[in-house]
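Based on the provided sequences and hints, a complete structural model is requested.
Protein chains in written order, with full-length UniProt numbering: chain A, 1 to 275; chain B, 1 to 327.
Note that these hints are calculated values from the structure, not bench results.
A portion of the hints provided could be inaccurate.
[What the hints assert, rightly or not] Looking from chain B toward chain A, a few residues come up when the C-beta cut is under 8 Å (computed):
1. Thr52
2. Gly83
3. Tyr85
4. Ala87
5. Asp91
6. Leu92
[Said to hold, decoys possible] Heads up, simulated PhoX-like pairs for lysine-lysine below, C-alpha to C-alpha not over 20 Å straight-line:
7. B:Lys134 with A:Lys41
8. A:Lys41 with A:Lys108
9. A:Lys43 with B:Lys134
Beta carbons are placed, not taken as given, at the ideal position from N, Cα and C, and that holds for glycine.
Chain by chain, the residues:
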Amino acid sequence: MSTATTAEPREQAAAAPPAPRLTPAVAVRHGGLLAWRSLLKIKRNPEEILGLTFMPLMFVALFVFVFGQAMMGDWQAYRDFIIPGIAAQSVIFATIGTGVALNTDIEKGIFDRFRSLPIARSAPLVGAILGDLVRYGLTVIAVLVVAALIGYRPEGGVLGVVAAGAVVMLFAFALCWLSAFMGLLLRTPMAVNIFGSVWMFPLTFGASTFVDPDDMPSWMGAFAKVNPVTHVTDTMRGLMEGGPVAVPLMWTLVWVAVLIGVFFPLATRAYKRRA
Amino acid sequence: MTDAIRAEGLVKRFKGTTALDGVDLVARAGAVLGVLGPNGSGKTTTVRILATLLTPDGGHATVGGHDVVRAPHEVRRTIGLTGQYAAVDQDLTGTQNLVLIARLLGHSRAGARARAAELLARFSLSDAADRPAKTYSGGMRRRLDLAASLVGRPTLLYLDEPTTGLDPHSRNELWDVVRGLVDDGVTVLLTTQYLEEADQLADDIVVLDHGKVISRGTPDELKARAGAQVLQVQPLHAGELERVGGIVEQVTGSEVRTGERTASASVTDPSVMPEVVRRLDDAGISVSELNLRKPSLDEVFLALTGRPAEDTTGGADGAAPAERTHA
Ligand SMILES: Nc1ncnc2c1ncn2[C@@H]1O[C@H](COP(=O)(O)OP(=O)(O)O)[C@@H](O)[C@H]1O
Ligand SMILES: [Mg+2]
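Here is the structure:
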């Protein structure tokens, strides 16, 4: 070690290129590079994706094979009913990971390193979220593969499934700003995880995921009908299984706009302050 | 421009605490500035402001002539930061960690790989290049972290407590690295809780306490102020402690602190040692321990402020390796 330090020549042959000016194109490139980092992490820990899909897949097994027959008198019909909702639920759960990962990076000082570099200020945040979108995509695919294994054949065909996937990804993109905001606000990754999970159960169960809101007690049904998860699930159901799409899609888009409108500025502000 | 850093009157408040209360400091280009202070004295806050990660509530600072608040991007182009805790991505390999930063700094794919390989070799990490950083030892992780801060060839490097928590071997390695960087012309700002570390590496030292600079100067000036060494005597029989204290006071001429079983005093001239031994011998006092050692940060603080450093975790460790024990 000591030999290496003293023998180091003053300047190496390949001098570092001057740090690039911060044009929007450069900012996008930086975000892309940091997203690449997120992807490397997924590759390193593939079990994380399995972990994300584990609970939803347990729900598939539980609801389809245990309750299915009782719910609809036909477990296959019930399977077809809940798969779109389960796919939505798994992605919504996955968004917690965005906040947890951000918080971990800050706590470990990794963000400090990035922010001390002459790169776009927002690049670490943008990169983390771009990388997470890939994670969400993999989560949906994992659920759909399992669904296919237990005989799920969507009426909407490939096109319907892809469209449904796009809708849920858009919603997840909006929701992950809420998660990012929590990740930047709370102190520890553990707190983000707990606080994030608390929302998830009422949000994903008090929706049309497993039961039609019309069959719920009136107050619960009222909650479920305004719950964005219901709109996302209904849109996906319509695209995958046939049924009305326009109205739930419209409401989904309204929610996407609201979530981004509120939490994107909050998250970026918290980011500027904290990180 | 001969000053790499100029900071005047830096103030930083967090809810309820004033972390920095008017800090002035200057780092000469090409030199090592040591910022010495106990836990909570404001070292990290100072570094974070100078690295553009925090905005000061008062005062201003320039780094390489650029204002840290008004021209943060320019500042970031000249600095490298190694934080208090190794900020490497544990899931990525050593190579991936460095390639990522090189790419962010505008290197081509091939250029980034070359730069990563070069730095890994320089820090004896080539063998571990393709292993995830979570498999590294603490010392290796620190080295990777330091390598990461050097990717962009900074002319000014911040090292925030770089050796805290390292074993003596890794610490010596890191000291060599710092010396090598200084030989290459890099300016270094180093924070530490160890007087010995500042003594070994720094050209100038600033002593922080409760967000204020309480002393500054070269290591020699500081030691002259604080007493270069500490003479410590432990009599065989605790009952003789008072008499021992009297003798030490007479010979050294400085104030004696008596603990439960030892008496100690600052000394500037080590030749008092034989004199103390002779006087103790004349008085017929047997001693179980008699030694001359470098003052700990606590003792420096006591000498400079008249009260011990608060909340110093392990500040006394710094003195241990330098201890010279006489029979
Ligand atoms: N983000 C923060 N929020 C609140 N207090 C802080 C924060 N960072 C530092 N402090 C407080 O500021 C003081 C100085 O801290 P710091 O600069 O980390 O000291 P050092 O690095 O010398 O140990 C301490 O009292 C610490 O508790
Ligand atoms: Mg600190």
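Quick rundown of the hints versus the structure:
Annotation: Thr52 of chain B was flagged as interfacial toward chain A, and the flag holds, the nearest CB pair being 7 Å apart, inside 8 Å. A least Cβ separation of about 5 Å between Gly83 of chain B and chain A falls short of the 8 Å threshold, and the interface hint therefore holds. The interface hint given for Tyr85 of chain B holds, since its Cβ lies 5 Å from the closest Cβ of chain A, which is under the 8 Å cut-off. With a least beta-carbon distance of about 4 Å to chain A, the hint placing Ala87 of chain B at the interface is held under the 8 Å criterion.
For Asp91 of chain B, the interface hint holds, the least distance from its beta-carbon to any beta-carbon of chain A being 5 Å, beneath 8 Å. Among the interface hints, the one on Leu92 of chain B holds; its C-beta lies about 6 Å from the nearest C-beta in chain A, closer than the 8 Å criterion. Annotation: proposed proximity of Lys134 of chain B to Lys41 of chain A holds, straight-line Cα distance about 12 Å (limit 20 Å). For the proposed pair Lys41 of chain A and Lys108 of chain A, the alpha carbon gap of about 15 Å is at most 20 Å, so the pair holds.
Pair hint Lys43 of chain A plus Lys134 of chain B holds up; C-alpha atoms about 15 Å apart against a cutoff of 20 Å.
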